[in-house]
Amino acid sequence: MVCPYTDKKEVRDTIMNEETEKLLKEVNSGCKMATNSMEQVLPMTKNEQLKAIIERYNDMHIKLGDECHVLLNKSENDEKDPSLMAKAMSWVTTEMKLMMNDDTHKVAELMIDGCNMGIKSLSEYINKYKSATPESIDMAERLVHLEKDFMNELLAYL
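In the working numbering, the protein residues as written are -15 to 142.
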């Protein structure tokens, strides 16, 4: 229902603002989930070249997350942390798989699985929040491209 005391533009701007905030929170959460996973596998990664790739992409995810944090702060919104259940499930799954087999192939496989999940969920949010600002959509798309690039580099370790 449209409030009689506002015009349609104000209502549209409010919706756009809400969608922007929701999208930015998902980008922020995705960056955190990615860095948590990368930091979890780094100590178990034996291959120095793979370790360097993971460290480089971890740094890029942190920088993008920081950019997102700045935008969220401008709108006086809190960040969105990954859910405790998602974090716990990811941690347990990673630990179990690497306990059984911590070779380079398994590390790359786990990271690729994470990239796929990130690409899928972020693409869904980009399509869902079509009224978000171009700046927030661009940030989400940059994270999708970062995940794709990371995955492509990891494929050499399968």
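It should be emphasised that the hints constitute simulated quantities derived from the structure, not laboratory data.
Model, not experiment: these values are computed from the prediction.
Treat the hints with care, as some may be off.
Keeping only pairs whose Cα atoms sit at most 27 angstroms apart, straight-line, the calculated DSSO-like set for lysine-lysine is [as the list claims (entries may be wrong)]:
no. : residue 1 : residue 2
1   : Lys58     : Lys90
2   : Lys114    : Lys58
3   : Lys47     : Lys35
4   : Lys16     : Lys6
5   : Lys58     : Lys9
6   : Lys90     : Lys114
7   : Lys104    : Lys16
8   : Lys30     : Lys112
9   : Lys114    : Lys30
10  : Lys35     : Lys114
11  : Lys30     : Lys16
12  : Lys114    : Lys104
13  : Lys30     : Lys47
14  : Lys35     : Lys112
15  : Lys58     : Lys30
16  : Lys90     : Lys112
17  : Lys112    : Lys9
18  : Lys58     : Lys35
Verification of the supplied hints:
1. Lys58 x Lys90: violated, 40 angstroms
2. Lys114 x Lys58: holds, 21 angstroms
3. Lys47 x Lys35: holds, 18 angstroms
4. Lys16 x Lys6: Between lysine 16 and lysine 6 the Cα gap is close to 15 angstroms, so the pair holds against 27 angstroms.
5. Lys58 x Lys9: Holds - the C-alpha atoms of lysine 9 and lysine 58 are around 13 angstroms apart, at most 27 angstroms.
6. Lys90 x Lys114: With a Cα-Cα distance of about 37 angstroms, the restraint between lysine 90 and lysine 114 is violated, given a limit of 27 angstroms.
7. Lys104 x Lys16: Since the Cα atoms of lysine 104 and lysine 16 sit roughly 16 angstroms apart, the hinted pair holds (cutoff 27 angstroms).
8. Lys30 x Lys112: Cα-Cα ~40 angstroms, so violated.
9. Lys114 x Lys30: Distance of about 42 angstroms is beyond 27 angstroms: violated.
10. Lys35 x Lys114: Violated. Lysine 35 to lysine 114 sits at ~37 angstroms, over the 27 angstroms cutoff.
11. Lys30 x Lys16: holds, 23 angstroms
12. Lys114 x Lys104: This hinted pair holds, its Cα atoms lying about 16 angstroms apart.
13. Lys30 x Lys47: Within the cut-off at roughly 25 angstroms; holds.
14. Lys35 x Lys112: violated, 35 angstroms
15. Lys58 x Lys30: Violated - the C-alpha atoms of lysine 30 and lysine 58 are around 41 angstroms apart, more than 27 angstroms.
16. Lys90 x Lys112: violated, 33 angstroms
17. Lys112 x Lys9: holds, 14 angstroms
18. Lys58 x Lys35: violated, 35 angstroms
Consistency note: the structure conflicts with the earlier hints numbered 1, 6, 8, 9, 10, 14, 15, 16, 18.
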